[in-house]
Amino acid sequence: MRFALDVYRRLLAVQIRAQLQYPVAFALDLGGTALILIVEFGSLALILQRFEGIGGWSLVEVAFLYGMVEMAFNTMDMLFSGFDPPVFGRLVRQGQFDQLLLRPLGITLQVLGSRCETRRLGRVVQGGLIFMLAVGLVDVRWTLLKLVYLPVVFASVVSFFGGLFIIGSTITFWTVESIEAINVLTYGGHEMMTFPMTIYNDWLRRFFTFIVPAIFLNYYPALYFLDKPDPFNLPPFAPFLAPLAGGGILAAALAFWRFGIRHYASTGS
Amino acid sequence: MSRIIVVSNLQKHFRVFKHRRGMGGAFRNLFSRQYKVVRAVDGVSFQIRPGELVGYLGPNGAGKSTTLKMLTGLLVPSGGELWVNDRVPWRERQAHVATIGAVFGQRTTLWWDLPVIESLDLLQYIYKIPPHRFRRNMAEFRKMLELDPFLDTPVRSLSLGQRMRADLCAALLHDPILLFLDEPTIGLDVVAKERIRQFIRHVNRERGTTVILTTHDLSDVEKLCERVMIIDQGRLLFDGALDTLRERFGGKRALVVDFAQEYDDVTVADAQVIERDGRRAVYQFEQEVLTASELIGRLSARYRIRDLSVREPDIEATVRRIYEERLLEG
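Going down the list, the sequences are from chains A and B.
Its first residue numbered 45, the first sequence is counted upward by one per residue in our numbering.
Its first residue numbered 47, the second sequence is counted upward by one per residue in our numbering.
Chain A on its own, in the form it takes in the complex (with noise of 0.2 Å):
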């Protein structure tokens, strides 16, 4: 574990390094993506502040789910790079693939090594921002609860779409062509978590409850570390429920994974 731990530090630095190699390129992709989200999210609150809220939401609550999710999405983002469909896709149909299964470490820990796109630093970082200036100006009331299980949220997250990633590349052992629908769950999931869930319609929310669980994700644990009463009367551990669900769709990606690993090795291709 120590040994797989080091080398999967080693891997990075490698990935790292390779793209410190063009500094240039490197300040101005974190310089460029720090615009989009300020340009995005300028006019997301010029929007909100016209209609006052949405959906019992104020400005800044709304900020506290948003920052939330570009945090941790970004962070996802960055850490299972390797595991990004399209790019997975490509390393299998270019033999690299192969490559790593001819090397005596786990596959899994290779895939993440393989890639690490620091870039999206920038975004977890004005994710960040945006949060702790919601936290801020809402005046959250703090509990020892809170302030432990906030870190949680955030590791829910993150695995819940990572999971989504593990799974959109492991349907590109079959096919590269239905990528598009995984996309659908794992960045529009991602728009959906960053507002309240009250503006979306009953069919939406009900298949992202029970079917995506997403809801539990960002939404219900907003609820609570904002004091926000709960619109749809779920049970009162629902708030809790964040790392059974971003847990529960990592485990199940990595088992589809593994199958998807046997399933290769019966048709390398």
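These aren't lab readings, by the way, just hints derived from the structure by calculation.
Every residue gets a Cβ at the ideal spot worked out from N, C-alpha and C, and that includes glycine.
A hint or two may mislead.
Taking CB as the label site, the calculated pair distances span [to be verified]: (1) 291/A - 49/B: 43 to 53 Å; (2) 333/B - 221/A: 55 to 65 Å; (3) 227/A - 67/B: 25 to 35 Å; (4) 140/A - 233/B: 12 to 22 Å.
Covered stretches of chain A, as calculated for chain B (at least 3 residues, CB under 8 Å) [what the hints assert, rightly or not]: (5) 114-128; (6) 139-146.
Derived contacts from chain B toward chain A, CB cut-off under 10 Å, selection only [as the list claims (entries may be wrong)]: (7) 157; (8) 171; (9) 262; (10) 265.
Fit chain B to the supplied structure of chain A, relying on the hints for placement.
For chain B alone, coordinates are given in the frame of chain A:
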């Protein structure tokens, strides 16, 4: 006698999705899929002793790469048995690949953006190579493969030949007992090819590493391998010494004759005209029936000859004949 590889009745069948053509076909593809079974490897058996250097030949799509992928543990066979170094490769992938080295043609095992030396350092760590062994191997390979001029160059900036040398070094640093090479000289110039061949021979003779190489370039086989296996359409057509192959299927020698003037009829007894182009004619003859000098005698008695040369049957033509005429079937 000990065997490092035992393959018996090895099979690999793929189900290939048959695409229907056109819009209507694409639509029907969505609902009912048709498959056909491709027998990429169809009952192959062979054994390899430690220290052998074996050439594995076959046209494109013959099943070479599929066999190699099973031997290296990347693919699970559909049937038959496969033991490499007393292991079933795919069952213990990590333990298996730690004892083998593999260079797969155009792909590199090295990290694209890292200087060569740092890739090698990383491999030392991954394969847990003891420092003294690493140093000793590096010293040997640096000299043999002339790595020094580009050790600090990132892999992406290397020429094809340099990359192949770096990859060979990378594949051998952990002292594998088996080395798999898929098209090791493809795309290289003559000098680079020769250097690679010398190195492969060195590794096989001095280190006792068992080597299996696939190639399109038959001069690789002629210069390196004593044993040849030929596969086509998933079946092993020949497995034996290169000399046997040449003797049995070497075909006929040919005499290329340039006449001093044009003749209408140039036929000679016991020899066959296989090419005719203006004043040039090529005769094929069998050594046992007619010697070259006898043929030349018969020709010069009847025609005025300007130039002559004997064309030896080459291994390439031999192998092509084996594929085309399916000489070894049945």
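Verification of the hints:
1. Remark: the range hint 43 to 53 Å for residue 291/A to residue 49/B is upheld by a beta-carbon distance near 48 Å.
2. Between residue 333/B and residue 221/A the beta carbons are some 60 Å apart, a value that agrees with the proposed interval 55 to 65 Å.
3. Look at residue 227/A against residue 67/B: about 28 Å separates their beta carbons, and that is inside 25 to 35 Å.
4. Between residue 140/A and residue 233/B the beta carbon distance is about 19 Å. The supplied range of 12 to 22 Å therefore holds.
5. A stretch counts as covered by a chain when three or more of its residues have a beta carbon under 8 Å from one of that chain; for the segment 114-128 of chain A and chain B the count is 0, and the coverage is violated.
6. Only residues whose beta carbon comes within less than 8 Å of a beta carbon in chain B count, and the segment 139-146 of chain A has 6; three or more means the coverage holds.
7. Contact between residue 157/B and chain A, as hinted, is supported at the beta carbon level, the nearest pair being about 5 Å apart and thus within 10 Å.
8. For residue 171/B, the shortest C-beta to C-beta distance to chain A is roughly 7 Å, which falls under 10 Å, so the interface hint holds.
9. Proximity of residue 262/B to chain A is violated relative to the hint, the smallest CB-CB distance being about 18 Å (cut-off 10 Å).
10. A distance limit of 10 Å between C-beta atoms decides the matter here; for residue 265/B the minimum to chain A is near 26 Å, and the interface restraint is violated.
Taken one by one, the earlier hints fail for this structure at numbers 5, 9, 10, listed in ascending order.
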